[in-house]
Amino acid sequence: MAYADDLLDLAQHLANLEPANPRQACLRRAVSTAYYALFHLLISEATLNWGRSELRSELGRVFDHGKMKSASEGKRSALNAELGKNPPPSQELVIFKRLHTVADTFIKVQQKRNDADYDTGKEWTQTDVQTQIRAVSAAFESWKAIRDEPVAQAYLVSLLGKRARPE
Amino acid sequence: MWEPGPNETASSNTRDNEVVYIAKAFAQQAELDQAIDQVKQMLGPDVVRLRYTLGQDWTGESAIFFRIVLSERASRRDQLWNSTSQIETAIDRHLQPLEQWGVLPYFNYRSQSEQAVLQEEAWA
Numbered sequence: 066m067a068y069a070d071d072l073l074d075l076a077q078h079l080a081n082l083e084p085a086n087p088r089q090a091c092l093r094r095a096v097s098t099a100y101y102a103l104f105h106l107l108i109s110e111a112t113l114n115w116g117r118s119e120l121r122s123e124l125g126r127v128f129d130h131g132k133m134k135s136a137s138e139g140k141r142s143a144l145n146a147e148l149g150k151n152p153p154p155s156q157e158l159v160i161f162k163r164l165h166t167v168a169d170t171f172i173k174v175q176q177k178r179n180d181a182d183y184d185t186g187k188e189w190t191q192t193d194v195q196t197q198i199r200a201v202s203a204a205f206e207s208w209k210a211i212r213d214e215p216v217a218q219a220y221l222v223s224l225l226g227k228r229a230r231p232e
Numbered sequence: 004m005w006e007p008g009p010n011e012t013a014s015s016n017t018r019d020n021e022v023v024y025i026a027k028a029f030a031q032q033a034e035l036d037q038a039i040d041q042v043k044q045m046l047g048p049d050v051v052r053l054r055y056t057l058g059q060d061w062t063g064e065s066a067i068f069f070r071i072v073l074s075e076r077a078s079r080r081d082q083l084w085n086s087t088s089q090i091e092t093a094i095d096r097h098l099q100p101l102e103q104w105g106v107l108p109y110f111n112y113r114s115q116s117e118q119a120v121l122q123e124e125a126w127a
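Protein sequences, first through last, are from chains Y and F.
Just so we're aligned, residue 66 is where the first sequence starts under our numbering, counting upward by one.
Just so we're aligned, residue 4 is where the second sequence starts under our numbering, counting upward by one.
Hints should not be assumed to be uniformly reliable.
Stated by the list, open to error - In silico DSSO-like cross-links for lysine-lysine, where the CA-CA straight-line distance does not exceed 30 angstroms:
1. Y:Lys150 to Y:Lys227
2. Y:Lys209 to Y:Lys150
3. Y:Lys227 to Y:Lys132
4. Y:Lys227 to Y:Lys209
5. Y:Lys150 to F:Lys43
6. Y:Lys162 to Y:Lys150
7. F:Lys43 to Y:Lys162
8. Y:Lys162 to Y:Lys227
9. F:Lys43 to Y:Lys187
Said to hold, decoys possible - Pair ranges (Cβ atoms, derived):
10. F:Gln32 to Y:Leu75: 37 to 45 angstroms
11. F:Thr92 to Y:Ala210: 15 to 23 angstroms
12. Y:Ala203 to F:Glu34: 40 to 48 angstroms
13. Y:Leu75 to F:Arg76: 39 to 47 angstroms
14. F:Ala33 to Y:Ser122: 46 to 54 angstroms
15. Y:Glu214 to F:Thr56: 19 to 27 angstroms
16. F:Ala119 to Y:Asp184: 19 to 27 angstroms
17. F:Arg54 to Y:Gln89: 15 to 23 angstroms
18. F:Gln115 to Y:Lys227: 28 to 36 angstroms
Read the hints as simulated data drawn from the structure, not as lab findings.
For clarity, every value in this text was computed on a predicted model and none was experimentally measured.
We put the beta carbon where it would ideally sit given N, CA and C, even for glycine.
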């Protein structure tokens, strides 16, 4: 996970580069880099399951931003339904909440990344940027706590996206 | 036949008889305003202002974009994560933007002092 961790550190570095009067370029790159930190974390975790290590980076290129968002939405909705039933405290509930944090953060920061990279009319503030970076940090922490759980591994597979098999 | 979900509304018949479903948030904005006002009252004084826009996100999905001005206390580095987590949890739980209104929620924040400098009308 070193690359993803480095990207998250870099996002924080960019956000703090000019604390008094940050340029929009620094804030935008910080938001975008924070998204890519989570994007690459999930891809690297998914491809770790591929036995042939020399092919993992090639496999990683199969992942698509839009399909990953769709899969995260599906997972988020399913978890919202579960959490909405107010289940009693359990280890499973903790896992669900952590996975919800990961999927929800992925959806939200992906939109932020799109705004940061393409919507030049939007003014970014330190408050907004720090919120995004902190959200990604929390998603990292959540992921590391549940990465070996079956439901987390199933989520990774779902990120590849579904395509209907021709009849 | 496809039936609209609880968060969708059948809006119109097109010329080729296809029915278009739109998110309930777009079709019932007065009710959405009321629901958001109610949630806002639960958020406490750290939410100085809460505005929103309905639109589409980058993938074309129906979305609600919240613009939230935070108090200086809530936007301090050591408070920011706690403040924003509580706000988003409250909105998710009580408004249920996706499940009840058919729109994905997105949150944008700034502090009172940042808004004072930027003076953006959309946040005022």
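Evaluation of the provided hints:
Between Y:Lys150 and Y:Lys227 the alpha-carbon distance is near 28 angstroms, which keeps this suggested pair within the 30 angstroms criterion. Distance restraint check for Y:Lys209 and Y:Lys150: the Cα-Cα separation of roughly 26 angstroms lies within the 30 angstroms cut-off, and the hinted pair is therefore satisfied. Distance check on the hinted pair: Y:Lys227 and Y:Lys132 sit about 8 angstroms apart at the alpha-carbon level, within 30 angstroms; holds. Taking the CA atoms of Y:Lys227 and Y:Lys209, the gap is near 25 angstroms; set against the 30 angstroms cutoff, the hint holds.
Proximity of Y:Lys150 to F:Lys43 is assessed by CA-CA distance (about 23 angstroms); at most 30 angstroms being required, the pair is judged to hold. The hinted pair formed by Y:Lys162 and Y:Lys150 meets the criterion: a straight-line CA distance of about 13 angstroms does not exceed 30 angstroms. Note on F:Lys43 and Y:Lys162: the hinted pairing holds, with a Cα-Cα distance of about 24 angstroms set against a maximum of 30 angstroms. The hinted pair formed by Y:Lys162 and Y:Lys227 meets the criterion: a straight-line CA distance of about 24 angstroms does not exceed 30 angstroms.
Our distance criterion of 30 angstroms between C-alpha atoms is met by F:Lys43 and Y:Lys187, whose separation comes to about 24 angstroms. The beta-carbon spacing between F:Gln32 and Y:Leu75, approximately 41 angstroms, falls within the hinted interval of 37 to 45 angstroms. Checked against the hint of 15 to 23 angstroms, the pair F:Thr92 and Y:Ala210 passes, with Cβ atoms roughly 19 angstroms apart. Roughly 33 angstroms separates the CB atoms of Y:Ala203 and F:Glu34, a value that falls outside the hinted 40 to 48 angstroms.
In this structure the supplied range 39 to 47 angstroms is violated for Y:Leu75 paired with F:Arg76, their Cβ-Cβ distance being about 29 angstroms. Taking 46 to 54 angstroms as the suggested C-beta distance range, the pair F:Ala33 and Y:Ser122 conforms, at roughly 52 angstroms. In this structure the supplied range 19 to 27 angstroms is violated for Y:Glu214 paired with F:Thr56, their Cβ-Cβ distance being about 37 angstroms. The beta-carbon spacing between F:Ala119 and Y:Asp184, approximately 23 angstroms, falls within the hinted interval of 19 to 27 angstroms.
At about 21 angstroms, the beta-carbon gap between F:Arg54 and Y:Gln89 stays in the expected band of 15 to 23 angstroms. Separation of F:Gln115 from Y:Lys227 is about 45 angstroms and departs from the stated range, judged on CB atoms against 28 to 36 angstroms.
Comparing the model with each numbered hint stated earlier shows that hints 12, 13, 15 and 18 do not hold.
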